[in-house]
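Following the hints, position chain B against chain A.
Here the protein sequences come in this chain order: A and B. Numbering of the first sequence is given in the working numbering, commencing with residue 512 and proceeding in unit increments. Numbering of the second sequence is given in the working numbering, commencing with residue 2 and proceeding in unit increments.
Be aware that a few hints might be false.
[Unchecked claim] Estimated spans, in silico, between C-beta atoms of each pair:
#	chain 1	residue 1	chain 2	residue 2	range
1	B	93	A	661	42 to 50 angstroms
2	B	134	A	1105	44 to 52 angstroms
3	A	668	B	127	27 to 35 angstroms
4	B	85	A	1095	31 to 39 angstroms
5	B	48	A	586	37 to 45 angstroms
Keep in mind the hints are simulated off the structure, nothing from the lab. Beta carbons: idealized from backbone N, C-alpha and C, even for Gly.
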Amino acid sequence: MKLSHKVFLLALLCSWAVSVSAQTPIQKLIDQFGSTQEEPLPPDQAFQLDMRRDSNGNFELRWDISKDYYLYRDKIKVVYFDAELKVNKPVGETISDEFFGTTQVYRYPMATPARFSLPDDGQANLTNLLHITYQGCADLGICYPPTTKILALSDIPLTSLNLSGPVANNEEVEFSVQDKIVNELSTKSLGVMVFIFLGFGLLLALTPCVLPMVPIVSGMIIGSQNRSATRAFLLTSVYVLAMASTYAVFGVIVGLGGANVQVWFQQPAVIAVFVAIFVLLAASMFGLFELRMPSKMQMYFSQMGSKQRGQYFGAALMGSGSALIVAPCITPPLVGALLFIAQTGDAITGAVVLFSLGLGMGVPLWIIGTSMGKWLPKPGLAMKRINALFGLLLLGVAVWMLDRVVPETLTLLLGGLLLVGGGIYLFSMSGKLLLWRGFAVTIILYGVLILFGTSVGSGSFLSPLAPFMQTTEKHEELPFKQIEKLAELEATVSEASLKQQWSMLDFYADWCVSCKELETFTFSKEKVHKALNGFVLMQVDVTENNAEHQRVLKHFGLYGPPAILFFGPDGKERRSARLVGFVSEKDFLRHLAHLQERG
Amino acid sequence: MRKYAWIGLMLLFAIAGFAIVDIQRQQNDEVQKTLLGTPLPTFELADLEGNIQSSTQWDGKVRLINLWAAWCPPCRREIPAFAEVYDFYAEQGFVVVGIAIDELEPVKKFLAKHGQVKYPQMIGMQDAIEIGSKLGNANGGLPYSVIVDRQGIIRFIRQGELEKDTLLNLIEPLLEQ
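Okay, chain A solo, but in the shape it has when bound:
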């Protein structure tokens, strides 16, 4: 098949994946420009109740309110055993109403919760019921009758609450990508989520982790023998289904077991194995050796009844195996889905969604496999070029994974060398093709830049010439005091409060991408250092995620990093000031300024 056809098909695939997974943001964009055809949401979707309690009978009441909807502050009621409880409600937005006069309403984001306490102070039976009543309207001109939610105390998640802290005005609380995914999963219908994850899977299929697997795998499954189209389709289907099922099962096990997957991917032993696998795969792409199913395995399989059944089994096994191999590359949607399972215990939705992810990832393989390799380039220079490119991508992935356990300078060196070496190799195979030659030269140049930059002390892959750009800019780390135990944390905070100082607690882990971004783009900046002058800085490194780490996380109601918490000079946490995702230098400085203004 001609290259132009392939490119066209790939473009179509991309457009489908993008179109499906971009539905929601596109819809939101359209809504923002004000369409007259807006459909009002059902009240349960417009106002999502979010409650928490602690072990002393104190409650926090909060709603996730959709944009362009609002709740009436005064209509919020909590009834317990037929008596209305007094609720401490934060200040809302003032609106002028012709009938009611000046009223206060809540809109998104409702960062500060309403609070109330049970009269029996935490001795209550967990089956006791709370009646929460609230009502609101949509900006587009309709209002909803009051909704009453009846919840047993046991339905409300238990966490630790900080009870003082000013009842402040609306503020932005940022959520990490994974929290957003968890949120989306619990609100959207299953059908929609299936499509979204199919889209994700397709997009992931185009990443350097997965795409190079396609020719490898199709070669292995189909082999060079002639097969019927049906057989090829069936074999590839078995492979893809096995891959998708592995994700589903793996996801359910991990999710229900509650283990933190990201931690596993950080053990040096595990990383070494993955790196080795990818290097081997790259080697096969460069033609250093041929990847085939080991003949012993082939014989074993053919002994299982017919040769055909053996092949199916082999394909299934490879499907499962590759699911695990490429897992390190597909972290955000994978972890998002896993978190959802862990938090909600809803294994079925999680499993279905992960299954769709696997299916999406398998689509290119399906297509290529079923076409019986007719769409792969013929052996020859063209094929070699593509294989070389894939080989480089695979090596790139290997280096990227190595980065998690190896000093940064080393990975930069390796990356630079890879670019230079790979570029030269590609150039040598480009023949007269200008596009390939140009590409090869570009990556050679960039590789040289990185090597040069690293040698003069740049720590970054993206800005190798940084040391030359700003001589006053110091790439310094914040002087965090490392905290290992909860008791240590509490002691440090009280010490700070004795000196009337603010404290900041940062949760960090090597495997937390946002944490690293914070270090590079925010915590390294001089302005941030200055603004944090006088703060007692604490950091808990939960890379190992041992029992003590989990205790600290749980104490603050966190599932994992990233998280930045602030404690005032009175030693109490400013809960509404929590940051749970990456913030840029500008936003962080603004946040600090706000924080200290309100005291």
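Just chain B now, with coordinates in the frame of chain A:
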């Protein structure tokens, strides 16, 4: 030939992707649209004095059935216009039936303040909400207006404020029947 089949399939997928996600949004529309052209279901509710009233007493008239509440700002905005239109066309066989999904006190207070609202009122809570559902108000949002012709067929449904002009344009042809 096979190549084009693949391309066609892919385009189909793309369209399907969009379509399925769009269906979600249209579900509320669906229920309301299917009610147009169907007969108005009969219903019974208490009036403000506590007596049960049946909807059949207005058969043969052009009806605007309006679900509202005193705490609902868009509802309050549209009601004075309804009162005017009612006053003008009552002789010709037009009636507005207000169904308040609210407590008695605030409704009475509102009507006391807006003495010009003279058309019949019914009131309820869960029972009124159910009547709303029967009339196609799936998400319960107010105001909700249903216009019915003399033969009892539902001709128009609107969730949200109903403007005076729109109302006049809709009922004038129906009154001539």
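Outcome of the hint check:
Checked against the hint of 42 to 50 angstroms, the C-beta distance between residue 93 of chain B and residue 661 of chain A comes to roughly 48 angstroms, which is consistent with it. Take residue 134 of chain B and residue 1105 of chain A: their Cβ atoms lie about 45 angstroms apart, and the range 44 to 52 angstroms holds. Range check, residue 668 of chain A to residue 127 of chain B: Cβ separation about 30 angstroms, and the 27 to 35 angstroms hint holds. Remark: the range hint 31 to 39 angstroms for residue 85 of chain B to residue 1095 of chain A is contradicted by a beta-carbon distance near 56 angstroms.
In this structure, residue 48 of chain B and residue 586 of chain A break the distance hint of 37 to 45 angstroms, their C-beta atoms being roughly 26 angstroms apart.
This entry does not satisfy hints 4 and 5, going by the numbered hints stated previously.
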